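Visitor: Below, each chain spelled out in residue letters.
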Amino acid sequence: MPRTASAPRAIFRHPPRRGGRPGEVPGTLAVDPAAPRSEVRVIAYGPGDDALRELALDRVEQLDALDLAVVWIDVVGLGDEETLRALGQRFKIHPLVLEDVVHVHQRPKLESYSDQYFLVTRSLHPDAGLDTEQISFVFGRGFLITFQERRGDGFEPVRERLRRNQGRVRTLGADYLAYALVDATVDLLFPVLEAYGDRLAALEEAIFAQQAGEALARKLLSLRAELLSLRRVLWPMRDALSALQREESPLIDPTTVPYLRDCVDHLAHVIDMVEHDREAISSMMDANLSMTSYKLNEVMKLLTVIATIFIPLGFVAGLYGMNFDRAAGPWNMPELGWAYGYPFALGVMLTISLGLLAFFHRKGWL
Amino acid sequence: MPRTASAPRAIFRHPPRRGGRPGEVPGTLAVDPAAPRSEVRVIAYGPGDDALRELALDRVEQLDALDLAVVWIDVVGLGDEETLRALGQRFKIHPLVLEDVVHVHQRPKLESYSDQYFLVTRSLHPDAGLDTEQISFVFGRGFLITFQERRGDGFEPVRERLRRNQGRVRTLGADYLAYALVDATVDLLFPVLEAYGDRLAALEEAIFAQQAGEALARKLLSLRAELLSLRRVLWPMRDALSALQREESPLIDPTTVPYLRDCVDHLAHVIDMVEHDREAISSMMDANLSMTSYKLNEVMKLLTVIATIFIPLGFVAGLYGMNFDRAAGPWNMPELGWAYGYPFALGVMLTISLGLLAFFHRKGWL
Amino acid sequence: MPRTASAPRAIFRHPPRRGGRPGEVPGTLAVDPAAPRSEVRVIAYGPGDDALRELALDRVEQLDALDLAVVWIDVVGLGDEETLRALGQRFKIHPLVLEDVVHVHQRPKLESYSDQYFLVTRSLHPDAGLDTEQISFVFGRGFLITFQERRGDGFEPVRERLRRNQGRVRTLGADYLAYALVDATVDLLFPVLEAYGDRLAALEEAIFAQQAGEALARKLLSLRAELLSLRRVLWPMRDALSALQREESPLIDPTTVPYLRDCVDHLAHVIDMVEHDREAISSMMDANLSMTSYKLNEVMKLLTVIATIFIPLGFVAGLYGMNFDRAAGPWNMPELGWAYGYPFALGVMLTISLGLLAFFHRKGWL
Amino acid sequence: MPRTASAPRAIFRHPPRRGGRPGEVPGTLAVDPAAPRSEVRVIAYGPGDDALRELALDRVEQLDALDLAVVWIDVVGLGDEETLRALGQRFKIHPLVLEDVVHVHQRPKLESYSDQYFLVTRSLHPDAGLDTEQISFVFGRGFLITFQERRGDGFEPVRERLRRNQGRVRTLGADYLAYALVDATVDLLFPVLEAYGDRLAALEEAIFAQQAGEALARKLLSLRAELLSLRRVLWPMRDALSALQREESPLIDPTTVPYLRDCVDHLAHVIDMVEHDREAISSMMDANLSMTSYKLNEVMKLLTVIATIFIPLGFVAGLYGMNFDRAAGPWNMPELGWAYGYPFALGVMLTISLGLLAFFHRKGWL
Amino acid sequence: MPRTASAPRAIFRHPPRRGGRPGEVPGTLAVDPAAPRSEVRVIAYGPGDDALRELALDRVEQLDALDLAVVWIDVVGLGDEETLRALGQRFKIHPLVLEDVVHVHQRPKLESYSDQYFLVTRSLHPDAGLDTEQISFVFGRGFLITFQERRGDGFEPVRERLRRNQGRVRTLGADYLAYALVDATVDLLFPVLEAYGDRLAALEEAIFAQQAGEALARKLLSLRAELLSLRRVLWPMRDALSALQREESPLIDPTTVPYLRDCVDHLAHVIDMVEHDREAISSMMDANLSMTSYKLNEVMKLLTVIATIFIPLGFVAGLYGMNFDRAAGPWNMPELGWAYGYPFALGVMLTISLGLLAFFHRKGWL
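Top line first, the protein sequences correspond to chains E, R, F, Z and P.
Sequential numbering of the first sequence, starting at 0, is according to our numbering.
Sequential numbering of the second sequence, starting at 0, is according to our numbering.
Sequential numbering of the third sequence, starting at 0, is according to our numbering.
Sequential numbering of the fourth sequence, starting at 0, is according to our numbering.
Sequential numbering of the fifth sequence, starting at 0, is according to our numbering.
It should be emphasised that the hints constitute simulated quantities derived from the structure, not laboratory data.
Here the structure is a predicted model, which means the values were calculated and not measured.
Mixed in with the good hints, there may be bad ones.
It does not matter which identical chain is meant; a pair holds if it fits inside one copy or across any two.
[Unchecked claim] Computed list of lysine-lysine pairs in BS3-like fashion (alpha-carbon distance at most 30 angstroms, straight line): (1) K362 to K108; (2) K108 to K91; (3) K362 to K218; (4) K294 to K362; (5) K218 to K294; (6) K218 to K91; (7) K362 to K91; (8) K294 to K108; (9) K294 to K91.
Produce the entire structure from the sequences given, and follow the hints as far as they go.
Guide: So, in C-alpha cells, the structure goes:
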C-alpha cells in the first residue's frame with residue numbers, strides 16, 4: 000500500500016481500503032498491476048493409494064484430464080487476470096467473488112452461492128509479524144480453489160498428508176480439505192502469539208524495574224495497535240467459520256462437521272489469547288503510568304523533605320548574616336556578641352532539623 | 000442551520016433537528032424556503048443498445064412519453080414544493096415519506112410501503128469534509144426517484160455506465176440501479192477516510208515528537224467529534240442496507256441480492272476504518288496526556304536534583320556568612336579564622352554534592 | 000417532592016419514588032393530597048365538518064349525550080379521586096392503571112389490557128427545564144383519556160388541528176389521536192435540547208479559553224446529571240412506542256402504523272441528540288481535567304526554569320558572602336581581594352545562566 | 000459469617016458462600032447450627048368474611064384440620080431440621096429446594112417443579128442497612144410456605160389486609176398471596192434507598208465545599224460497595240419475577256398476572272434508583288479526585304508565583320551581600336559605595352517584582 | 000509449559016497453547032511425553048447394597064467381567080497412549096475427543112456425539128493456587144470416563160458416597176455421576192475464593208493505612224491477573240453446564256436435570272464471587288492510585304506553606320545582609336543604624352509570617 004509505505008513509522012495504520020476504484024462497475028475483475036503473476040498448482044486425489052496427481056496448471060483445459068474425486072487448485076499470486084477469469088468461467092464463480100478475491104483487503108466472511116461456498120480468511124505469513132494476507136477459498140462438489148497473495152503458506156503439512164495418504168484427508172471431500180487448510184492457517188497463529196506473549200512479559204518486567212516511562216508507553220501502544228489489527232481479523236473469521244459449521248448443505252459432509260467445530264474451537268482459543276494480551280497490555284499501560292506517578296510522588300516527597308528542612312535553617316543563617324549595627328543600640332542583634340552565640344545558633348538549627356525529621360517520620364514520609 | 004452558523008467554532012455540534020415546526024400536521028410537505036430550487040433530470044433506459052433517453056423534466060406529464068423499462072428521476076434541490084407534490088401524486092408516495100425527504104436531517108433508514116421502498120442514506124459531498132447530506136431513494140417497479148440536497152454527487156460513474164451500457168446495469172431493474180447508486184455513495188467514503196487517516200498519522204508523530212500538549216488535545220478532540228458524527232450516520236445506514244438485503248419482496252430481484260450483500264460488506268469495511276480511527280484517537284488522547292505526564296515527571300526530577308544539591312550548599316554558604324563576633328568568645332565561628340577555613344568549607348560542599356549525586360545515581364534519577 | 004425541595008442544590012437528585020405507601024393495598028387509588036384539582040376537558044369529534052363538540056366535564060354522565068366517533072377526555076390535575084374513579088368505572092380501567100396514573104413517577108411503559116391500552120409517557124413542561132411530568136394515555140375503541148399533572152402542555156396544536164379539521168386527524172380513530180398527542184409531546188423536546196446544545200457549546204469555548212477548572216467541572220457535572228435523568232426517561236419511552244407500533248391489535252388501525260413508526264423515528268432522533276450531548280460532556284470533562292493538567296505542566300516548567308537558573312546563582316552569591324578571615328591565610332577566599340573579583344563572580348554567574356538557558360532550550364522547555 | 004465478623008471494617012465484603020460443605024450429598028438438609036429455632040405461624044383463609052384462622056404450628060398434622068382455600072405457612076428461623084423435613088414431606092418439596100432454603104446465601108431465582116414453584120428473593124431487614132436476608136417462597140395449589148431467616152419482616156401490612164379482608168387478597172389464591180408478599184418486600188427498598196440518596200447528596204455537597212480528599216474517597220468507596228452488593232441481588236430478583244410473570248401455568252391465575260407485572264415494574268423502578276446512585280457515585284468519585292487536582296493546581300500556582308517573585312529578589316540581595324574587597328580595585332562592587340546604592344538596589348527589586356507580576360497577570364495566573 | 004517455567008515471575012502469563020504441533024493430522028493422539036503415566040481406577044456399581052466393585056484397570060478387557068449398571072473409569076495421568084487408545088476403541092470415542100483429552104489446555108466446552116457427551120471442565124487442584132487443570136468427562140449409557148492430568152482431586156467425597164451408598168447416587172445413572180463429580184469440582188472453588196477474599200481485605204486495609212503505592216499496585220495487578228485467568232475458565236464452563244442442562248437427550252435422565260440446574264447455580268454463585276472480586280480489585284487499584292494522589296497533594300501543600308512562609312522571610316534577612324556602604328550616603332540602609340533596627344526587622348518578619356498563616360488558614364490549607 001503506498002500510503003503505509005510513505006508513513007512506515009505510524010503506529011496506527013489504517014486497514015487499507017478494498018481494492019476497486021470508486022465508481023467501478025461492480026463485479027469487475029480489476030487485477031492489481033503490482034500483484035505477482037499467478038502460479039497455479041493442482042493436486043487431484045481420491046481415496047486409493049496411488050490416486051493422487053500433482054501438476055502445475057498452465058491452461059484450464061488440463062483439468063479435463065483429471066477424473067479423481069477432489070481437485071484442489073491452489074492459485075498463488077493474483078496478478079493474472081486471464082487465469083482468474085478462466086477459472087471463474089469453468090467453475091461458474093460469481094463475478095463479485097472474483098472481485099473480492101483480487102481486492103485482497105476483505106474482512107473474513109462466508110458467502111454461500113447455489114452450489115458453492117466462498118470463504119475469505121486472513122492468514123499470518125510465516126515470515127512476517129502480525130500482518131495478515133488474504134486467503135480465499137471457493138469450494139463446491141469435488142473442487143476447492145484457494146487464492147493466495149504470495150508464496151509461502153502454512154499448507155505444506157496438508158500437502159504432505161495428501162501425498163502420504165495420512166489421516167482421512169484422501170477419503171473425504173473438498174469440504175474436509177477446506178477445513179484442513181483453514182485449520183493449518185489457524186495453527187500458524189499459535190507460535191506467533193507465544194512470541195508476542197514473551198515480548199509482553201519482557202515489557203512487564205521493564206515496567207517494574209524502574210524503567211516505566213515514555214519509551215515503554217510507546218512500545219506498549221505499538222504492540223496494542225498490532226494486536227487490535229489482528230483482533231479485527233479474528234472475530235469475523237470466527238463468525239465465518241461458525242456459520243460454515245452450522246450450514247446444513249449437501250456440500251458439507253456430516254463427517255466434516257466435528258472437525259469444523261474443532262477448528263472454531265482453536266480459533267476461540269487464539270481469540271482468548273489475543274483478548275488476554277489485550278487486557279494485559281491495558282493493565283500494563285495503566286501500570287506504566289501509575290509507576291511514573293508513584294516515582295513522581297517519591298521524588299516530590301524527597302524534595303519536600305530536603306527543602307522543608309533546609310529552608311528554615313537557611314533562614315536562621317541568613318538572619319545572623321544581617322548587618323544591623325550592634326553599636327547603634329543594645330537591641331541590635333545581641334546574639335552576635337554572645338560568647339556562645341554560634342553554638343546557640345547551631346543548636347537552634349539542630350533543634351529545628353530534628354523536630355522536622357520527627358514530624359516527617361510520624362507522617363510516614365521517611 | 001442558523002445555530003451552527005452562529006457558533007462556527009464549536010467542536011461538538013449538535014445533529015440538527017428534523018425539519019418540521021413543533022405541532023405541524025404530520026405528513027405536511029414543509030419545504031425549506033432556503034433550499035435550492037429543484038432540478039429534475041430523468042434517465043430512462045432498457046436493455047437494448049439505444050434504449051436510453053435523458054431529459055430535463057419540467058412537467059411530470061413528460062414521463063408519460065417514456066416507455067422504457069426503468070425510469071430514474073433524479074431530483075437535485077428540494078426547494079420546489081410543486082414538483083415534489085406532483086411526483087408524490089404520480090408515484091403514490093406516502094405523505095410521511097415526502098415530509099422526510101425535505102426534512103434533510105433524517106437518520107438513515109429503510110421503510111417499506113406496499114409497493115415501494117423508501118431508503119434514506121447520507122453521503123459525503125465530494126467537496127466538503129466529513130459533513131454529510133441526505134440522499135433519499137424511493138423505488139418501486141420500474142422507477143427510482145433520488146432526492147439530493149445540492150448539486151454535486153458521486154453518481155456520475157453510474158450515469159456513465161448507463162450511457163455506455165457497461166456492466167449489467169441496463170439489463171436489470173430499479174432495485175439494481177438503487178444498489179449501484181448507494182454503492183457509489185459508499186465509495187465516496189474511502190478516499191476521505193484515507194485522508195483522515197493521514198491526518199491522524201501526522202498527529203501521532205507530533206505527540207511523540209515532544210509536541211504533546213493542549214493544542215494537540217484540542218485537535219484530537221475535534222477530529223474525534225467529526226468521526227463520531229460520521230459514525231452516528233454509518234451504523235443506521237448499515238442497518239438499513241442489511242434490512243434491504245434481507246427483504247424478500249418482488250421488488251428486489253434475486254440477482255440483486257449478492258450485490259446488496261457486497262455493498263453492506265463495503266459499508267462494514269468503512270465502519271471498520273472508522274472504528275479503527277476511533278480507537279486510534281482514544282489511544283492518542285491517552286498518549287498525549289501521558290506524554291505530558293512523563294515530561295512533567297522529567298522536569299520535576301531535574302528540579303528536585305538541582306534544588307536538592309544546591310539547597311544544602313546554599314545553607315553552608317549562609318552559615319559562614321553569619322556575623323557572629325569571633326572576638327566575643329572562642330566558640331564563635333572559629334572556622335572563619337582557620338588558615339584553611341575556606342578550602343575546608345568548599346570541601347564540605349563538594350562532599351555533600353558528590354554524596355547527593357551518588358544517591359541520585361543509585362536511585363536511577365540521573 | 001419534599002426531599003428535593005429541602006436539598007435544592009444537589010446535582011444528583013434521586014428519581015422520586017413511586018407514590019404509594021409501603022404495604023398499601025395494590026390497586027388503591029391514593030390521590031396525592033397536594034395534587035391540583037382535576038379539570039376535565041372533552042373534545043368529541045367525527046369526520047364531518049361540524050362534527051366536533053368541546054365541553055368541560057363536570058359529571059361523567061355528560062358523556063352519554065355525545066354520539067361522535069371519538070371522545071377525547073383530557074384530565075388535567077390528578078387531585079380529584081371521585082372524577083378518576085368515575086372515569087375508571089365508566090371505561091372499565093384496571094385499578095392498577097388508575098394507581099399508576101396518580102403515582103406520577105412511573106417509568107414510561109405500555110401495558111395492554113383486553114380492550115384498551117395504557118401508555119405512560121413523560122413530557123417536558125413548556126415552562127420548566129429538563130424536568131419531566133407524567134402524561135398517561137388510556138385508549139380503546141372510540142375513546143382516549145389523557146391524564147396530565149398540571150396545566151400547560153404541548154397539545155394545543157393538535158386541538159387546533161381538530162377544531163380546524165386540518166390533516167387527517169378527524170377522519171381517524173382514537174389510536175391516531177393518541178399518536179398525534181405523543182408526537183406533539185416528543186416535539187417539545189427539540190427546542191429544549193437545542194438550547195441545551197448551545198449551553199454546551201458555550202462551556203466548550205470556556206474550557207479552551209483558559210477557564211478550565213473547578214467551576215466548569217461543576218457545571219458540566221450538573222448538566223450531565225440533568226441529561227442522565229432525561230435519558231433514563233427516553234429509552235423506556237422509545238421501547239413503549241416501538242412496542243405499540245408492533246402491536247397487531249384491532250385497536251390500532253393499519254393507517255396509524257406508519258405514523259407511529261415516524262414518531263419512534265423522531266424519538267430516536269431525540270435520543271441521538273441526547274447521546275451526542277452525553278459523549279460531548281464526557282469529552283469536555285476529560286478536556287477540562289486535561290487542560291488543567293496542561294496548565295499545571297506549563298506552570299511547573301516555568302517554576303523549574305526560574306528556580307534552576309537562580310538557585311546556582313544564589314549559591315555563588317552566598318559563597319562570596321562568607322566571612323572567612325582573609326587575614327588568617329592566603330587560601331581564605333583570595334577572590335575577594337582580586338582587583339577584578341566582582342566582575343569575575345558576575346561572569347561566573349552569567350556563564351551558568353547562559354549554560355542553563357541553552358540546556359533548557361535544547362530540551363524544548365523554552 | 001465468621002470471616003466477615005473477623006474483618007468488620009473491610010469495604011469489599013465477599014458475598015458469603017452457599018452453605019454446604021464441599022462434597023456434601025446434594026439435597027442434604029444441613030441446618031446451620033447457629034440459625035435461630037423455627038417458629039411457624041399459619042394463616043389459613045378463604046373469601047368468606049370469617050373464613051380466616053391464625054395459629055402457631057407445632058406439629059404439621061395441625062394443618063389437617065384447616066379446610067380453607069389457602070394456607071400460608073410462615074417459617075421464621077431456619078434452625079429446626081425436623082420442622083423443615085416435616086413440611087418438606089407433607090408438601091412434597093424437592094430435597095434441593097430444602098437445601099437451598101437453609102443455605103441462606105442463594106442468588107434470587109425461580110425454579111418450577113411439576114406442581115409447585117420455588118422462588119428465592121432477598122429482602123432488606125427493616126432494622127439493618129443495605130444488608131439483605133433470604134426469603135424463600137414455595138407455593139402450589141392452595142398453599143404458600145415462606146421461609147425467613149430472622150424475625151422482623153415487611154409482611155405485616157399483608158397480614159393486616161388478610162385479617163381485615165381488605166382488597167382482593169382473600170378472594171384470590173396462593174399465587175396472589177405470594178405476589179403480595181414479594182411486593183411488600185420490594186416496598187421495603189424505597190425508604191432505604193431514599194435515605195441512601197440523602198447521604199449521597201450530603202457527600203456531594205462536601206466535595207464541592209473544599210472537603211474533597213481521602214476521607215471522602217473512602218466513604219464513597221464504601222457506599223459504592225454497599226450499592227454493588229444490593230445491585231447484585233436486584234438484577235437476578237427481577238429476572239426471577241419476570242420469569243414468574245411470563246409463566247403460563249395453572250398455578251398462576253390470569254388475574255394475578257397484571258399484579259406481577261406491576262411488581263416487576265416496581266423492581267425496575269428500584270433498579271433505576273440503584274443505577275442512578277451508581278452513576279452518581281462514579282461521578283462523585285471522579286469529581287472528588289478532580290477537585291483535589293484542581294486544588295493542587297491552585298496551590299502549585301501560588302507556590303510558583305511566590306517563589307518566582309522572591310527567588311530573583313533574594314538573588315539580588317545575596318549579590319550585594321558578597322564581600323568583595325572594594326579596596327582591591329574600582330571594579331569590585333562599586334554599587335556598594337554609591338550614595339544611592341541601596342535605593343538603587345531596592346528599585347531593581349521593585350522593577351523585577353512588578354515585571355513578574357505583570358507577566359503572571361497576562362498569563363491569567365493571578 | 001517451558002515458556003512459563005522460564006519466566007516464572009511474569010504477572011500476565013499467556014494461556015498455554017493447545018497441544019498439537021502445527022500441521023498435525025487432526026484427531027492424532029499426540030500424548031505429551033512429559034505427562035505422568037496413566038493409572039486407571041474403575042468403580043462399577045448398581046443400586047443394590049453390595050453391588051459395587053472397585054479395581055485398578057490394567058487391560059481394558061477386565062471391563063468385560065463387570066455387569067453392573069454404571070462403570071466409572073477414572074484415568075489419572077495422560078501419558079499412556081495405549082490405554083487411551085484402547086478406551087477410545089472400546090467406547091467408540093471420536094478421535095478429536097481423544098486429541099482434546101490429551102491437549103490439556105482446552106477451554107471448557109460440551110460436545111455431543113451420537114451416543115455420548117464430551118464435557119471439558121477445569122478444576123482447581125487442591126494443593127495449587129488459582130491454577131486450573133483440565134478434567135474431561137466422556138459419558139454415555141452406563142459408563143463415565145474421567146480424564147485427569149494429575150493425582151489429587153475433589154472426587155473423594157463422591158467415591159465415599161458411592162462406597163457407603165449414601166444419597167441417590169447408586170440408584171441413578173452415569174449422567175448423575177457426572178453431575179456429582181462436576182459439582183464436587185465446583186465445590187473446590189469456594190474455599191479458595193474465600194481465602195482470596197481475605198487477601199483482598201488485607202490489601203484494602205493496607206491501602207488506607209498509608210501504604211498505598213507501587214508495591215501494592217503490583218500485588219493488586221498480580222491478583223487481578225490470576226482472577227482473570229480463572230474467570231476466563233469459569234464463563235465457558237457455565238455455558239457448557241447450562242447447555243448440558245438444557246439438552247433433551249435420552250442420555251440425561253429427567254431426575255438429573257434439577258441437580259444439573261443446581262450445579263449451574265453454584266457456578267453462577269462462584270462467578271458472582273469472582274466478578275465481585277474483580278470489581279473490588281478495580282476499585283482498589285483506583286483507590287491505591289488516588290491515595291497516592293491525595294498524599295502527594297498533602298505533601299505539596301506542606302511544601303508550599305513552608306516555602307511560601309520562609310521565602311519572604313529569607314529575602315528580608317538577605318536584604319539586611321547587603322553590604323551597602325552606609326558611610327556613602329544617608330540613603331544607604333539607614334535601618335542598619337537604627338537603635339531598634341533588629342527588632343524592627345524581626346517584627347516585619349513576624350508580620351509577614353502571621354499574614355501568610357492567616358491567608359493559608361482562610362484558604363483551608365492548614
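Visitor: State for each hint whether it applies.
Guide: Do the hints match the structure? See the list:
Proximity of K362 to K108 under the C-alpha cut-off of 30 angstroms is found in neither arrangement, the shortest distances being 62 angstroms within a copy and 51 angstroms between copies. In the homo-oligomer, the alpha carbons of K108 and K91 lie at most 30 angstroms apart inside one protomer (20 angstroms), although the nearest pairing across protomers, at 35 angstroms, exceeds that limit. In this assembly of identical chains, K362 and K218 lie within 30 angstroms of each other by CA distance solely across copies; the values are 22 angstroms between and 38 angstroms within a copy. Taking identical chains as interchangeable, the C-alpha atoms of K294 and K362 lie at most 30 angstroms apart whether they share a chain (18 angstroms) or sit on different chains (10 angstroms).
For the homomeric pair K218 and K294, the shortest alpha-carbon distances inside one copy (20 angstroms) and between copies (17 angstroms) are both at most 30 angstroms. Taking the shortest alpha-carbon separations for K218 and K91, neither the intra-copy value of 48 angstroms nor the inter-copy value of 51 angstroms comes in at or below 30 angstroms. Taking the closest pair of Cα atoms, K362 and K91 never come within 30 angstroms of each other, the shortest separation being 82 angstroms inside a single copy and 66 angstroms across copies. Proximity of K294 to K108 under the C-alpha cut-off of 30 angstroms is found in neither arrangement, the shortest distances being 48 angstroms within a copy and 45 angstroms between copies.
Taking identical chains as interchangeable, the C-alpha atoms of K294 and K91 are never at most 30 angstroms apart, the minima being 67 angstroms within one chain and 62 angstroms between chains.
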